[in-house]
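Using the working numbering, you'd call the opening residue of the sequence shown number 19 and step up by one each time.
If you're looking for bench data, these hints aren't it; they were derived computationally from the structure.
Glycine included, C-beta positions come from ideal geometry on N, C-alpha and C.
Don't take each hint at face value.
What follows is a set of in silico ranges between Cβ atoms, one per label pair, in the way DEER data are often shown [what the hints assert, rightly or not]:
| # | residue 1 | residue 2 | range |
| --- | --- | --- | --- |
| 1 | Arg-94 | Arg-115 | 29 to 35 Å |
| 2 | Ser-175 | Glu-78 | 31 to 37 Å |
| 3 | Arg-98 | Ala-48 | 30 to 36 Å |
| 4 | Ala-48 | Thr-92 | 28 to 34 Å |
| 5 | Leu-23 | Asp-178 | 33 to 39 Å |
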Amino acid sequence: PEERLDIAPIHLGNVVHQTLDDFITEVLEAGDVPGPGERWSVAQRARLQKIALKTCGEFEEQGLTGRPLLWQGTKRRTLRDLDRFLHEDDARRSERRLTPAAAELGFGLSEGAEPVVFPLGDGTTLRFRGSADRVDIADDDAIAVVDYKTGSTRAFSGLDEDDPTVAGTKLQLPVYALAAQRAFGTDETPVRADY
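Start from the sequences and build out the full structure, keeping to the hints where you can.
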């Protein structure tokens, strides 16, 4: 166990998350955000690949990627998956009329970043902290939150519109939705959160 043959799933997920966070943050800071119906440009796709290679290099230097031969195949698949992400994101943003607004929206993690507070019927108050991977805003000011997942979907079986928290066991998306609503809207602003 002290020497993995291939990258651990958690580290591969971190490569993808860090790459997408760095990419979206850079695009937002540059003011080069594609609007609804606009595709990610060829230059932006190339930039995502460059950021991904840099992130992969950082994980390689830390010795987290396993045997080089196996890692090369995993790295190629990851680069393809990231390009596919932008393609699918184009379709999602076009269909829902979305524009990226934030990456790693933090709440309750640092001073000045208030936690999400949720009062219960018995007077108890729950305080949540975390960071939503991405927030988009629609033409009609509705909010869309995305949490990136790279592993198996088994843990999310039973999650649907009729039971969005799987009997209160999956609170991540509702908490992220509340955080995004607080940051970008009002209590009446429609918000949707997806994995």
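Consistency of the hints with the structure:
1. Between Arg-94 and Arg-115 the beta carbons are some 34 Å apart, a value that agrees with the proposed interval 29 to 35 Å.
2. Restraint check, Ser-175 to Glu-78: a C-beta distance of roughly 34 Å satisfies the suggested window 31 to 37 Å.
3. For Arg-98 and Ala-48, the Cβ-Cβ distance of about 25 Å falls outside the hinted range of 30 to 36 Å, so the restraint is violated.
4. Distance hint check for Ala-48 and Thr-92: the Cβ-Cβ separation is about 30 Å, which falls inside the suggested range of 28 to 34 Å.
5. Restraint check, Leu-23 to Asp-178: a C-beta distance of roughly 37 Å satisfies the suggested window 33 to 39 Å.
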